[in-house]
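Chains as they are written, first to last, in the working numbering: chain A, 41 to 591; chain B, 51 to 637.
Be aware that one or more of the hints could be misleading.
As the list claims (entries may be wrong) - Some residues of chain A that are not near chain B, with every Cβ distance over 12 Å (derived):
{"#": "1", "residue": "D255"}
{"#": "2", "residue": "A267"}
{"#": "3", "residue": "P277"}
{"#": "4", "residue": "T361"}
{"#": "5", "residue": "W386"}
{"#": "6", "residue": "H429"}
{"#": "7", "residue": "A435"}
{"#": "8", "residue": "W436"}
{"#": "9", "residue": "R459"}
{"#": "10", "residue": "A514"}
{"#": "11", "residue": "L525"}
{"#": "12", "residue": "E554"}
To be verified - Pairs of lysine-lysine residues, derived as DSS-like cross-links and limited to a Cα-Cα distance of at most 30 Å, are as follows:
{"#": "13", "chain 1": "B", "residue 1": "K83", "chain 2": "B", "residue 2": "K184"}
{"#": "14", "chain 1": "A", "residue 1": "K342", "chain 2": "B", "residue 2": "K404"}
{"#": "15", "chain 1": "A", "residue 1": "K342", "chain 2": "B", "residue 2": "K556"}
{"#": "16", "chain 1": "A", "residue 1": "K496", "chain 2": "B", "residue 2": "K616"}
{"#": "17", "chain 1": "B", "residue 1": "K556", "chain 2": "A", "residue 2": "K295"}
{"#": "18", "chain 1": "A", "residue 1": "K198", "chain 2": "B", "residue 2": "K471"}
{"#": "19", "chain 1": "A", "residue 1": "K538", "chain 2": "B", "residue 2": "K298"}
{"#": "20", "chain 1": "A", "residue 1": "K298", "chain 2": "B", "residue 2": "K334"}
{"#": "21", "chain 1": "B", "residue 1": "K298", "chain 2": "A", "residue 2": "K198"}
{"#": "22", "chain 1": "A", "residue 1": "K219", "chain 2": "B", "residue 2": "K520"}
{"#": "23", "chain 1": "A", "residue 1": "K561", "chain 2": "B", "residue 2": "K408"}
{"#": "24", "chain 1": "B", "residue 1": "K298", "chain 2": "A", "residue 2": "K576"}
{"#": "25", "chain 1": "B", "residue 1": "K541", "chain 2": "A", "residue 2": "K198"}
{"#": "26", "chain 1": "B", "residue 1": "K147", "chain 2": "A", "residue 2": "K285"}
{"#": "27", "chain 1": "A", "residue 1": "K570", "chain 2": "B", "residue 2": "K74"}
{"#": "28", "chain 1": "B", "residue 1": "K624", "chain 2": "A", "residue 2": "K198"}
{"#": "29", "chain 1": "A", "residue 1": "K198", "chain 2": "B", "residue 2": "K404"}
{"#": "30", "chain 1": "A", "residue 1": "K342", "chain 2": "B", "residue 2": "K442"}
{"#": "31", "chain 1": "B", "residue 1": "K408", "chain 2": "A", "residue 2": "K342"}
{"#": "32", "chain 1": "A", "residue 1": "K348", "chain 2": "B", "residue 2": "K404"}
{"#": "33", "chain 1": "A", "residue 1": "K343", "chain 2": "B", "residue 2": "K381"}
{"#": "34", "chain 1": "A", "residue 1": "K295", "chain 2": "B", "residue 2": "K334"}
{"#": "35", "chain 1": "B", "residue 1": "K593", "chain 2": "A", "residue 2": "K219"}
{"#": "36", "chain 1": "A", "residue 1": "K285", "chain 2": "B", "residue 2": "K79"}
{"#": "37", "chain 1": "A", "residue 1": "K198", "chain 2": "B", "residue 2": "K147"}
{"#": "38", "chain 1": "B", "residue 1": "K556", "chain 2": "A", "residue 2": "K343"}
{"#": "39", "chain 1": "A", "residue 1": "K343", "chain 2": "B", "residue 2": "K619"}
{"#": "40", "chain 1": "A", "residue 1": "K587", "chain 2": "B", "residue 2": "K442"}
In case anyone wonders, no lab produced these hints; they're calculated from the structure. Yeah, the Cβ is synthetic: ideal placement off N, Cα and C, and Gly gets one too.
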Amino acid sequence: MTKKFMLPMLITFLLLQSALSESDLYHYHTSAQNEKLVRQITQSSKDIMSYTVLTKTDSGKEILAVEITGQNHNTKPAILLVGGLEGYELTSVEICMDILKHISTHYSHDPSLSGLLETCTIYIIPNANPDASAHFFDSPRSQRKTNNLPVDHDLDGKTDEDGFNDLTGDGMIAMMRIKDLLGAWTIHQNYPVMVPCTAEDSLTERYTMHFEGFDDDGDGWLNEDVAGGVDLDKNFPYHFEFSDKEAGTYAVSQKESKALADFIFSHPEILLVYSFSDDNNLLTPWPASQNAGPEYMDEVQKKGVITKMLMEDALVMEQLTKKYRKIFQNMDYFQTEKNNGNFAEWVYYQTGRLSVTTPAWRFSLDPADSARCKNKDIEYYKWLQRSGHSGKVLAWQKIEHPDFPDQVVEIGGFLPNFRQNAPEDSLKPIFERNRLLVRSLCELLPKIEIADIRTKKLHDNIHHVDILITNKGALATSTEIGRHLRWVPKIRIQMDSKVEIFSGKNFALLDKIEGNGETRKVSWLIKTNKKSITLKVHSPVFGDITKEVTL
Amino acid sequence: MKNPIRFLLILALSIPLTASDVEKIEFVKSALKAMGAPNQPKVEVQWNRYYNNAQIGEICRKIAAAYPQLTRYEVIGKSYEERDIHSLTITDFSSGKPEDKPGMYIDGNIHSNEIQGAEVSLYTAWYLTENFEKNEWIQELMKNKTFYILPSINPDARDHYISEGNTPHSPRSGLVPRDDDGDGAINEDGFDDLDGDGHIVSMRIKDPNGRWKESSEITGMMVPCKENETGDYTLLGNEGIDNDGDGKINEDGEGFYDPNRNWPWSWQPEYIQYGADMYPLSIKENRIVADYILSHENIAGAQSYHNSGGMILRGPGSDSPAFSYHDQDRKYYDFIGKTGNKILPGYDYMVLYKDLYKAVGGEVDFFYGMRGIFSFTNELWSSFNYFGEKSKSSEFFGRREPVYKFNELLLFQEGIVPWKKINHPQYGEIEIGGFKKSWTRTAPSFMIEEMCHRNMAFTLFHAYNLPVVKFDEVTRKDIGDGLEQIDVILKNERVIPTRSYYEIEKQLTVPDFLEISSEDKNDVIAAMIVYDKYLNNTREIEKQPVRVKIDQIDGNATCQVRWIVKKGKKYTVKYTSKKAIDLESGL
Ligand SMILES: [Zn+2]
Chain A
41 MTKKFMLPML ITFLLLQSAL SESDLYHYHT SAQNEKLVRQ ITQSSKDIMS YTVLTKTDSG
101 KEILAVEITG QNHNTKPAIL LVGGLEGYEL TSVEICMDIL KHISTHYSHD PSLSGLLETC
161 TIYIIPNANP DASAHFFDSP RSQRKTNNLP VDHDLDGKTD EDGFNDLTGD GMIAMMRIKD
221 LLGAWTIHQN YPVMVPCTAE DSLTERYTMH FEGFDDDGDG WLNEDVAGGV DLDKNFPYHF
281 EFSDKEAGTY AVSQKESKAL ADFIFSHPEI LLVYSFSDDN NLLTPWPASQ NAGPEYMDEV
341 QKKGVITKML MEDALVMEQL TKKYRKIFQN MDYFQTEKNN GNFAEWVYYQ TGRLSVTTPA
401 WRFSLDPADS ARCKNKDIEY YKWLQRSGHS GKVLAWQKIE HPDFPDQVVE IGGFLPNFRQ
461 NAPEDSLKPI FERNRLLVRS LCELLPKIEI ADIRTKKLHD NIHHVDILIT NKGALATSTE
521 IGRHLRWVPK IRIQMDSKVE IFSGKNFALL DKIEGNGETR KVSWLIKTNK KSITLKVHSP
581 VFGDITKEVT L
Chain B
51 MKNPIRFLLI LALSIPLTAS DVEKIEFVKS ALKAMGAPNQ PKVEVQWNRY YNNAQIGEIC
111 RKIAAAYPQL TRYEVIGKSY EERDIHSLTI TDFSSGKPED KPGMYIDGNI HSNEIQGAEV
171 SLYTAWYLTE NFEKNEWIQE LMKNKTFYIL PSINPDARDH YISEGNTPHS PRSGLVPRDD
231 DGDGAINEDG FDDLDGDGHI VSMRIKDPNG RWKESSEITG MMVPCKENET GDYTLLGNEG
291 IDNDGDGKIN EDGEGFYDPN RNWPWSWQPE YIQYGADMYP LSIKENRIVA DYILSHENIA
351 GAQSYHNSGG MILRGPGSDS PAFSYHDQDR KYYDFIGKTG NKILPGYDYM VLYKDLYKAV
411 GGEVDFFYGM RGIFSFTNEL WSSFNYFGEK SKSSEFFGRR EPVYKFNELL LFQEGIVPWK
471 KINHPQYGEI EIGGFKKSWT RTAPSFMIEE MCHRNMAFTL FHAYNLPVVK FDEVTRKDIG
531 DGLEQIDVIL KNERVIPTRS YYEIEKQLTV PDFLEISSED KNDVIAAMIV YDKYLNNTRE
591 IEKQPVRVKI DQIDGNATCQ VRWIVKKGKK YTVKYTSKKA IDLESGL
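Given these sequences and hints, build the entire structure.
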């Protein structure tokens with residue numbers, strides 16, 4: 041970097057440091073606050089990053105994408121970070137915002153960071169689902185991961201007509217239990233936690249369980265058609281679930297999902313997508329085929345459905361897993377089943393990029409606890425006690441419920457939206473680990489070079505020309521599945537001088553070049569009286585490299 | 051004045067009536083009217099040519115202006131190249147809102163070269179409006195049903211097919227640019243109309259070592275040599291040049307994606323379904339049309355027109371259990387499809403995946419999979435149309451001999467560009483010749499009107515059989531204790547149920563409801579659905595007895611609901627259904 045850049049960058053750094061005081065860093069922001077921050081940060085670091093508005097949601101919130109190029113604005117391999125997919129989970133939004141802030145404030149005095157951005161680009165979509173995450177700040181607060189599209193959940197011809205009601209007026213939609221002989225729930229013997237009845241507790245008090253609410257439309261059901269919406273992480277075309285009312289009418293029907301899809305397809309240089317979801321394919325890898333890619337793809341065509349990663353790509357994922365485990369040590373938590381129609385799997389199977397997804401945060405399990413059980417609510421209860429958050433459980437309190445005048449109705453249990461989000465006091469280490477992970481993912485990206493150009497004069501004006509292309513990065517130039525998708529570009533090796541070609545064509549196309557030094561050769565037999573010729577490597581991922589050689 | 055509306059219309063359309071017009075009207079008046087088209091249509095359209103998208107719009111607007119009580123014209127969106135996507139809503143507006151009646155959706159031309167679907171769609175709109183006044187069957191149909199007609203849902207490529215150099219098989223795709231060969235350049239090597247006649251024909255080069263020769267029986271037809279023969283020619287494919295020097299000809303032309311593999315439900319990516327494109331409804335025109343269809347919840351039947359082969363196709367396009375149709379819905383498909391075999395000589399009712407080929411992401415499956423809508427795709431123009439004999443289905447576009455023979459005996463050679471010499475930048479002296487783009491898959495002028503009419507008749511038969519629900523019986527009887535029993539029997543007088551079995555099973559749509567209301571909601575004590583009125587087999591509706599959910603009313607079947615209510619009050623019952631007309635009755 042020249043000294044000319046140093047001064048304004050330093051000022052930027054100082055300004056931002058004061059704007060982002062310690063206390064402001066480690067807590068949850070509304071999407072309006074984050075939108076404003078993105079504008080401020082990209083403005084103050086505008087020579088290394090910029091933002092675009094991908095779309096506006098139904099409520100007018102913007103989905104922003106930040107492009108961080110560093111000083112090198114040429115086409116380079118890129119990674120994309122996507123936060124906020126799960127709607128009610130805001131930790132990932134703050135992780136994305138932290139990386140943005142971190143790069144903006146550290147670029148000028150961290151040579152390893154500015155060096156990294158010489159060879160790659162980082163795209164960040166901090167919040168893919170701002171309408172859903174806005175409910176985090178709603179009053180009453182409820183647990184909701186969907187956007188605001190009115191949906192007729194119960195198919196009664198009306199939308200959003202029977203949502204939650206804050207019966208106790210405490211600003212929280214908690215749980216509601218009703219004593220009922222036909223109920224399937226009971227109170228656990230050792231913990232004040234509601235659990236499904238089993239044969240052992242057949243003679244205990246039975247309850248039905250609900251969220252806090254009335255039967256607003258008088259159809260006999262409680263909260264059966266809450267406001268909204270579509271769950272963005274169900275609205276993608278890989279194994280899309282049509283009969284799930286929260287999946288959307290069809291895949292990529294939502295503004296949010298279409299914006300994400302169009303963004304990825306219009307950026308072929310994005311080779312890896314890191315998103316945050318309930319799934320964790322670094323701890324639990326997706327199923328992989330036992331056959332080599334081409335054989336498995338034959339099987340896929342015959343069956344008309346794909347369900348497994350290609351063997352070659354699964355091996356690459358193991359490299360990423362190693363990096364992850366080194367940074368995120370001793371991860372011990374309940375893993376969740378992934379949704380049909382989720383974003384992360386779609387990224388791999390249908391856009392052909394590497395896809396990494398992990399939960400932004402989960403309450404951890406105690407390795408020393410000998411009484412560990414499989415019931416998530418009980419373990420969550422224990423964690424709350426252990427970590428000093430016992431206030432997040434509400435004692436059961438009897439109320440008069442107009443819909444159940446003759447039954448015992450109580451409000452209590454876990455408060456909404458706390459379980460999905462890291463407590464603010466634990467955000468700092470989460471941010472630090474994610475900074476490390478993003479750096480090490482960037483470091484793995486492929487690097488293309490012209491390793492050599494060899495020419496041989498066979499006779500006056502008759503030359504044989506070889507060009508050797510090497511991938512010096514760790515990852516291959518594309519995924520194996522990318523070889524079967526037209527949208528994953530090939531590398532074009534072009535004879536850029538007007539010469540007569542005896543053998544070879546104007547250009548050759550190379551698909552996947554493996555990482556760690558695989559080298560490929562393109563040859564021509566030409567006739568020319570020129571003293572030198574120019575060869576050109578062109579790729580929407582790696583940009584252009586032109587080289588002149590004397591004959 | 052005999053017809054003031056017509057007079058106003060003439061004013062509004064500012065069509066001045068000249069003396070020669072009057073003469074013409076008198077001339078047609080005295081002719082004997084044939085069955086079918088009226089002698090004096092308000093909108094004159096010649097059904098013996100193929101119209102471009104602007105002309106389609108003009109015809110739509112003329113129909114809408116001539117029949118404002120029967121027609122609504124709308125541009126539902128703009129294509130990629132900003133052309134209008136035209137739509138006509140056709141119903142008897144005086145008998146109810148269009149969205150309250152079961153809808154019959156009709157479109158054409160999703161495959162741009164499969165051009166005649168637009169004319170069949172337009173003809174349907176024209177025929178219904180022109181014959182409404184005199185034909186009671188049509189009046190009844192338009193009282194009970196609404197038609198949504200979108201003549202061309204791929205207008206950019208339709209116009210390309212008409213005005214640019216093409217074969218009978220191109221472009222098929224729409225015009226959103228795509229890199230077909232992955233070389234980083236887009237649409238860089240399409241056809242080249244070497245002689246500029248608007249037709250992309252075949253190229254051949256004289257070659258003493260070639261394996262092709264000209265047929266001895268049919269002039270101009272190329273046939274492969276037998277093993278022990280020597281030939282005169284090598285065939286070089288369609289008219290074109292290697293524009294980008296990659297050693298290939300015509301490898302990246304307009305498009306390419308297949309607009310009819312881009313629809314949700316059974317959609318699968320490129321490596322499973324060629325032409326699928328990036329994601330469901332990634333193509334602008336498709337998304338506009340799909341959202342139009344989904345926003346009309348009354349659409350109960352659907353018809354798309356393609357060419358060719360003489361087929362009445364229904365889905366599924368896939369043999370995967372995830373995308374199979376409900377067994378119980380088959381009988382309705384068969385009823386309509388088999389009648390189609392009669393209405394359309396030379397056409398066969400077929401199931402896509404097993405009788406033709408497997409194809410996922412098709413529009414025909416979208417209707418059924420998303421909304422349980424009964425839908426057909428007709429492949430217009432059959433080899434039967436040449437000489438009353440149909441080629442085997444293995445010969446996809448039919449045998450070539452009758453095509454040449456028909457060209458000779460009925461078209462007097464117009465359908466073919468005779469072989470002629472031309473200089474090619476890469477091959478040198480070659481010959482080009484072969485079928486014109488508007489021959490082999492499209493009807494010639496004198497057969498268009500019949501094609502339009504028979505296909506329309508099939509679609510009207512389908513539309514006729516969409517549900518018509520009536521109150522069959524509404525009774526009230528005293529059961530003592532100050533109570534009464536109300537029995538309501540609803541009857542569907544047509545063949546197709548108000549909801550298909552598939553949409554019930556998958557919970558795709560809002561069910562039908564039968565509601566009762568009175569001044570005081572406590573007047574209604576209980577409700578039940580009666581399955582067998584003789585044996586009193588009933589199911590009580592515990593939750594919300596005033597609003598009884600009905601899964602469907604089957605074709606030519608009834609549905610009975612019983613209420614126990616307080617005696618002597620005034621009650622109203624109301625039937626609501628997305629795919630049937632709502633009803634109300636006071637008691
Ligand atoms: Zn077609």
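Against the structure, the hints come out as follows:
no., hint, result
1, D255, "violated (9 Å)"
2, A267, "holds (18 Å)"
3, P277, "violated (5 Å)"
4, T361, "holds (26 Å)"
5, W386, "violated (8 Å)"
6, H429, "holds (39 Å)"
7, A435, "holds (32 Å)"
8, W436, "holds (27 Å)"
9, R459, "holds (29 Å)"
10, A514, "holds (24 Å)"
11, L525, "violated (6 Å)"
12, E554, "holds (19 Å)"
13, B:K83 - B:K184, "holds (13 Å)"
14, A:K342 - B:K404, "holds (15 Å)"
15, A:K342 - B:K556, "holds (27 Å)"
16, A:K496 - B:K616, "violated (105 Å)"
17, B:K556 - A:K295, "holds (25 Å)"
18, A:K198 - B:K471, "violated (69 Å)"
19, A:K538 - B:K298, "holds (19 Å)"
20, A:K298 - B:K334, "holds (12 Å)"
21, B:K298 - A:K198, "violated (57 Å)"
22, A:K219 - B:K520, "violated (45 Å)"
23, A:K561 - B:K408, "violated (40 Å)"
24, B:K298 - A:K576, "holds (21 Å)"
25, B:K541 - A:K198, "holds (26 Å)"
26, B:K147 - A:K285, "holds (29 Å)"
27, A:K570 - B:K74, "violated (77 Å)"
28, B:K624 - A:K198, "holds (17 Å)"
29, A:K198 - B:K404, "violated (40 Å)"
30, A:K342 - B:K442, "holds (26 Å)"
31, B:K408 - A:K342, "holds (11 Å)"
32, A:K348 - B:K404, "holds (27 Å)"
33, A:K343 - B:K381, "holds (28 Å)"
34, A:K295 - B:K334, "holds (14 Å)"
35, B:K593 - A:K219, "holds (19 Å)"
36, A:K285 - B:K79, "violated (59 Å)"
37, A:K198 - B:K147, "holds (20 Å)"
38, B:K556 - A:K343, "holds (23 Å)"
39, A:K343 - B:K619, "violated (62 Å)"
40, A:K587 - B:K442, "violated (59 Å)"
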